[in-house]
Amino acid sequence: MTNKDLNLKLKLADQNLADSIIHRNKHSLHGVSEEAETFILFNLGIDSMDGHLNGVLCLEQTEPEMLFNEAKRFFAQDHRGFVFWVRDHADLKLEAYLKEKGYTPLRIPGSTGMLTEKPIEMPEIPDGVITRKVAGAKELEDYGVVVRDAFNKPTAVTKEMFSHERILVGETVGAWVAYRDQRPVAAATMVISGKAAGIYYVGTIADERGKGLGALMTAVAANAGFELGAEVVVLQASIAGEPVYRRLEFETITHYRWYLIQP
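Each number in the working numbering comes from the position in the sequence shown (counting from 1) with 13 added on.
Wrong hints could be hidden among the right ones.
Said to hold, decoys possible - Restricting the straight-line Cα-Cα distance to at most 16 Å, the calculated cross-link-like pairs of lysine to aspartate or glutamate (EDC-like) are: (1) K208 with E244; (2) K114 with E76; (3) K24 with D101; (4) K131 with E244; (5) K131 with E240; (6) K166 with D60; (7) K224 with E137; (8) K24 with E73; (9) K172 with D162; (10) K131 with E262; (11) K172 with D60; (12) K146 with E178; (13) K106 with E78; (14) K24 with E244; (15) K208 with E240; (16) K224 with D140; (17) K24 with E50; (18) K172 with E154; (19) K208 with E130; (20) K39 with E178; (21) K172 with D63; (22) K39 with E184; (23) K112 with E76.
Claimed, not checked - Ranges of calculated distance between the beta carbons of each label pair, as one might list FRET restraints: (24) M79 with D140: 52 to 58 Å; (25) T168 with Q74: 38 to 44 Å; (26) D91 with K151: 30 to 36 Å; (27) D18 with L241: 20 to 26 Å; (28) A150 with L119: 31 to 37 Å; (29) A219 with K17: 39 to 45 Å; (30) K85 with L241: 35 to 41 Å; (31) D91 with E137: 45 to 51 Å; (32) E178 with E73: 30 to 36 Å; (33) Y192 with E78: 45 to 51 Å; (34) G242 with G115: 42 to 48 Å.
In case anyone wonders, no lab produced these hints; they're calculated from the structure. The beta carbon of each residue, even a glycine, is placed where N, CA and C say it ideally should be.
Make a model of the complete structure from these sequences and hints.
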């Protein structure tokens, strides 16, 4: 991959990340956001130190002090903590500013930004498991059940995350839930924007991990993105998820770090 190709793909990945956040925020019951020329601010309306829910994401170079002050203003009325995203490929000045103020990243080197440019060979579906695309309130609720367990989130937070069907159902978004004996056990979301599809909130409940469900749901969601015309599929990998995605032939293109700003 040439530097030019890499830079283009990084822009696609960043924009898809922003679009996924704005989509969720726009359709949630209490979400508010501000979209500036070079950054976005977003507040889901409930306390959560999850960078996809309450935070700041740059899309171009932005003066760090101005951005920090804007973020503090935006979240001040709710007295809410939030997350600064730092893109390893673009936000080193912002990162230096945050470190000078005494903040440290949640994880080093951060979530691994990964990409694939080809459909994924479908893993074998485990015995007794079926997958279902989210189409209404029942699947929406089931998706929340998976996320609550897989990501250790309070029920109040998952209710805000999935407070309207359009968060997971639409022309540019799709979501799938895996069931075993009618019990929701795994899930994944796909958001398409421009030439990229992004995979988000891939999760498996605790007692079903290690059975290939994460790989299955990633493949289902990624291939749906390619079917809709995406040229690349991107994601940000957790420590547990990264080996799974590597086996599915995703490659690393960057890292994203979170800096938690308490109220």
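Checked hints:
| no. | hint | in the structure |
| --- | --- | --- |
| 1 | K208 with E244 | 5 Å, holds |
| 2 | K114 with E76 | 15 Å, holds |
| 3 | K24 with D101 | 13 Å, holds |
| 4 | K131 with E244 | 8 Å, holds |
| 5 | K131 with E240 | 11 Å, holds |
| 6 | K166 with D60 | 11 Å, holds |
| 7 | K224 with E137 | 11 Å, holds |
| 8 | K24 with E73 | 9 Å, holds |
| 9 | K172 with D162 | 13 Å, holds |
| 10 | K131 with E262 | 9 Å, holds |
| 11 | K172 with D60 | 12 Å, holds |
| 12 | K146 with E178 | 12 Å, holds |
| 13 | K106 with E78 | 10 Å, holds |
| 14 | K24 with E244 | 13 Å, holds |
| 15 | K208 with E240 | 12 Å, holds |
| 16 | K224 with D140 | 10 Å, holds |
| 17 | K24 with E50 | 14 Å, holds |
| 18 | K172 with E154 | 8 Å, holds |
| 19 | K208 with E130 | 11 Å, holds |
| 20 | K39 with E178 | 12 Å, holds |
| 21 | K172 with D63 | 14 Å, holds |
| 22 | K39 with E184 | 15 Å, holds |
| 23 | K112 with E76 | 15 Å, holds |
| 24 | M79 with D140: 52 to 58 Å | 56 Å, holds |
| 25 | T168 with Q74: 38 to 44 Å | 39 Å, holds |
| 26 | D91 with K151: 30 to 36 Å | 31 Å, holds |
| 27 | D18 with L241: 20 to 26 Å | 22 Å, holds |
| 28 | A150 with L119: 31 to 37 Å | 34 Å, holds |
| 29 | A219 with K17: 39 to 45 Å | 43 Å, holds |
| 30 | K85 with L241: 35 to 41 Å | 38 Å, holds |
| 31 | D91 with E137: 45 to 51 Å | 46 Å, holds |
| 32 | E178 with E73: 30 to 36 Å | 33 Å, holds |
| 33 | Y192 with E78: 45 to 51 Å | 49 Å, holds |
| 34 | G242 with G115: 42 to 48 Å | 45 Å, holds |
When the structure is compared with the earlier hints, no violation turns up for any of them.
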